[in-house]
Amino acid sequence: MSKKQKNLAVLASVFLMLLTIAPVSNAMHIMEGFLPVKYCILWGVICVPFLVIGFMNIKKVLGNDRRTLTVLALTGAFVFVLSSLKIPSVTGSCSHMTGTGLGAILFGPCVTSILGIIVLIFQAILLAHGGLTTLGANCFSMAIAGPIISWILYKLLQKANVNKRVCIFVAAFLGDLFTYCVTSFQLALAYPSEVGGIGASIAKFLGIFATTQLPLAVIEGILTVVIVIALETYAKDELSSLEF
Amino acid sequence: MKEKKKRFKHEHGSSFSVDYYAYASHMRSWNAGFKVLFSIISLLICIACNNLFVSLAVIFFMGFLTVAVGGLDLHHYITMLLVPIVFLIFGTIAIAIGFSMRPVGQYHVHFLNLFYIYWSKASLLKAGGLVFKALGAVSALYMMTLTTPLSEIIAVLRKAHIPKLIIELMNMIYRYIFIMIDTHSRMKNSAESRLGYCDFKTSCYSFGQVASNLLVVSLKRGNNYYNALEARCYDGDLRFLEEEKPLKAGQIVMAVIFIVVLLLIWFFTR
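For the protein sequence lines, the chains are P and Z, in the order given. For our numbering, add 10 to where a residue sits in the first sequence, where the first one is 1. For our numbering, add 2 to where a residue sits in the second sequence, where the first one is 1.
Quick caveat, the hints were computed from the structure, so don't treat them as lab data. The structure displayed is predicted, hence computed values, not measured ones. Where a beta carbon is used, it is the ideal one built from N, C-alpha and C, also for glycine. Please note that the accuracy of each hint is not assured.
Unchecked claim - A short, non-exhaustive set of chain P residues, derived as facing chain Z with CB atoms under 8 Å:
hint	residue
1	49
2	143
3	191
4	214
Unchecked claim - BS3-like, lysine-lysine: derived pairs with alpha carbons at most 30 Å apart:
hint	chain 1	residue 1	chain 2	residue 2
5	P	246	P	174
6	P	165	Z	222
7	P	165	P	246
8	Z	128	P	96
9	P	70	P	246
10	P	70	P	169
11	P	69	P	246
12	Z	190	Z	166
13	P	169	P	96
14	Z	222	P	48
15	Z	123	P	48
16	Z	203	P	174
17	P	69	Z	161
18	P	174	Z	190
19	Z	222	P	69
20	P	246	Z	190
21	P	70	Z	166
22	P	96	Z	222
Excised from the complex, chain Z in its bound form (with noise of 0.2 Å):
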């Protein structure tokens, strides 16, 4: 039982805790259209501006907003946000250091009688504020994807105008995962049991064969849930029931005031 629980837990995004905090968010009630918009209008902000205070601001309020008023876990939010560090670590040391035959750069030493690994003030800088940059911008997405659960920014996108087809086809995909996602965990358990993942290559052969029959099986359903679409009149168009969310003068006020006290930190620190 205890194995199972662990399996279960947040790895590095292998579940899907994400659209369980997005269900279980207090921000849910908010108008999803007004969070998408407010987050990418601050994530591009941040972005744009490529200000160390601005960048600050941003991981804070949002952080503040997913956390606090959210009532996400604070520890499971810093979990979230360590998702993308190995990416972060690796692509800021390339940035903040050079390799090269001769000494150059501000700093450098030699390594290995081989080579120079040389780096300077303004490099270090740059790598700096663009880790701080980064986890504004993810921070600003994280207050979008945490709060708000993916159908409703399926049906922010529909209300935008992205091709019916495209729409369609992500709000099938989306119920499809969950039962692939199921399937699989009880072709795993099966092979698991079988002792199918005693070493590594009996685990790349597990790995794949339940890969595989995981296709063939959703193929085979594939004919049978269009058949069941059609006997409840599907005639090309999904429509599901929205709740209506109306939009809050006072959320509003608040965006405003953010994106306001954003771009003045820039304009006053530029």
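Chain P on its own, in the form it takes in the complex (with noise of 0.2 Å):
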């Protein structure tokens, strides 16, 4: 081994050392205060037109059938106590899931929106995960292009023939990394680096979170694939319902 194969050799070693004993991870929420007022707008502002589009789409439902609100607000209520629960994880350490891809495999895009934003809201307020003024970034991140993503995702794969567990897995998997990526975006963009600016900024972002975040997308894809399977088994007719 030549000395820069050996310093590979450790370097990889020390960054598997570092995944195994990740502490706690939360969902990617950028923590209240993170972000300058004009990013904040910013993501905001970005947001709006996806949960008008979410809002309508919910009315429209409401307006054909009025039971669906407590659907609704059962399966938000179920996202949230998803996501606040500690996940099984090798090392003890206490991590969360996001439940987005879920949300989107069941509810499609548009639901999930607007059932994002108040599960967020609730996630700042009851478990100081994110925050008010970063609302509009996580939700962009987590209630819209996580989602979408794995949606899209989840209609080509079905389409495709691949096996319902794989889609379901890489659906929940890529949405949470991309949730990820979006993530380290926003940050790179409030924050470039002083040497190769924004670009070089998401790798610094990328690759610290990584740490965090990629066992918990493994992780995140196996759960969901056997949630939605055991509900495939044993509540076909539920599901039914959930088809917005």
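Using the supplied hints, reconstruct the complex from the two chains, each of which is provided in its own coordinate frame.
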């Protein structure tokens, strides 16, 4: 082994160590006060059209059948409870699911945007994950971008006749990863690097948060598969009431 | 019994201690709208000024309000402040340092012969300032959330003319959360007593089963909930009894003085 190879091996093992001892990892909510005012407003404005579409969609569904209201509220509560549960982890660290992939697969991206922003407000107030000024940024990454990618992937893979479990895993896993990429981009945009600007800064945030987010995305994918398969086995009828 | 107690203690927000603290706070008798407005204005000033002294003033005054006036245990308050700590550490590290293939920047170290980690006095100061700014913002937010129950915050949102549908959903979701948490803890208990969480693979399986079962059980109940609402003459409008909490002159004066002081601090240390 050359010296460089040896160093690479050392680096890889250090990285692996970090992966296994990754401490607490909340879903990657940008904390309160972390973004400058300019970017809080920017991301808030970007979210508005998606939220309006979601709102109109829910209104239309409720106009047809008002009974769906309780079902909607229950699913919202479910996503919140799911995101507040500690998920199993190898190392006994404490981490949470985002539930966005699951939401998108079950309810479609339109409804997920409105339920998502309500859940994010509740998380900020009841769990102290995320915040009010960063609501726009978090809403875009977790309630809009992630679910849309998950939903598109799920539909595409389903059309391509891929194994159902693989579909769900890929959709949830990549949706989670995409959320994490968008959040890194949001952070990098607000705090560009001294050398290399935004591009270098994205790499930096991606790299540092990878320690907590990569294992989380894998676990989230596995759990989403287990949940959706169990739902399909036991609750076909109830699931059909969720087809918005 | 000890095991059970451990699980219900505050652990990174997995139980709803915030709601519990809010109901127990001495500041609950304050007008909710006032608290929300005061907290958000302080929060915005703290972020917009981007000034170390303003941030420190917000941290101390909001901490004082929540702990001394609100009567929250200092230890609990600090635990709450530490909830977003991992994000804060990772985020500020990413801002303070940079990676490069060439030696650049004010200070740099060569790391394992592969790349350089560089930083400068300015970037360290920026990261340090950011820590205090974020903590200031968080403490302003906590002044609201740790003293005002969520139902009162929703009532304030209703008065701010947020669409009725959203308010309705928020009210329902808030109530369903507690039903679900209760159902979940029972399911988890029974899964645990059957060794459902003995190793990682089984835990994943049990977690998924419990979660999906939770949704199924809740959806089955959903129809009943709607029937129960209709039986009580529900016509698309949930009305709750709201306690009247008059605004006190002293509180307004305190808030105005605090905001003026913040602006003065910002003006003189600019």
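Query - Structure-inconsistent hints, enumerated in ascending order - result: 1, 3, 8, 12, 13 and 14
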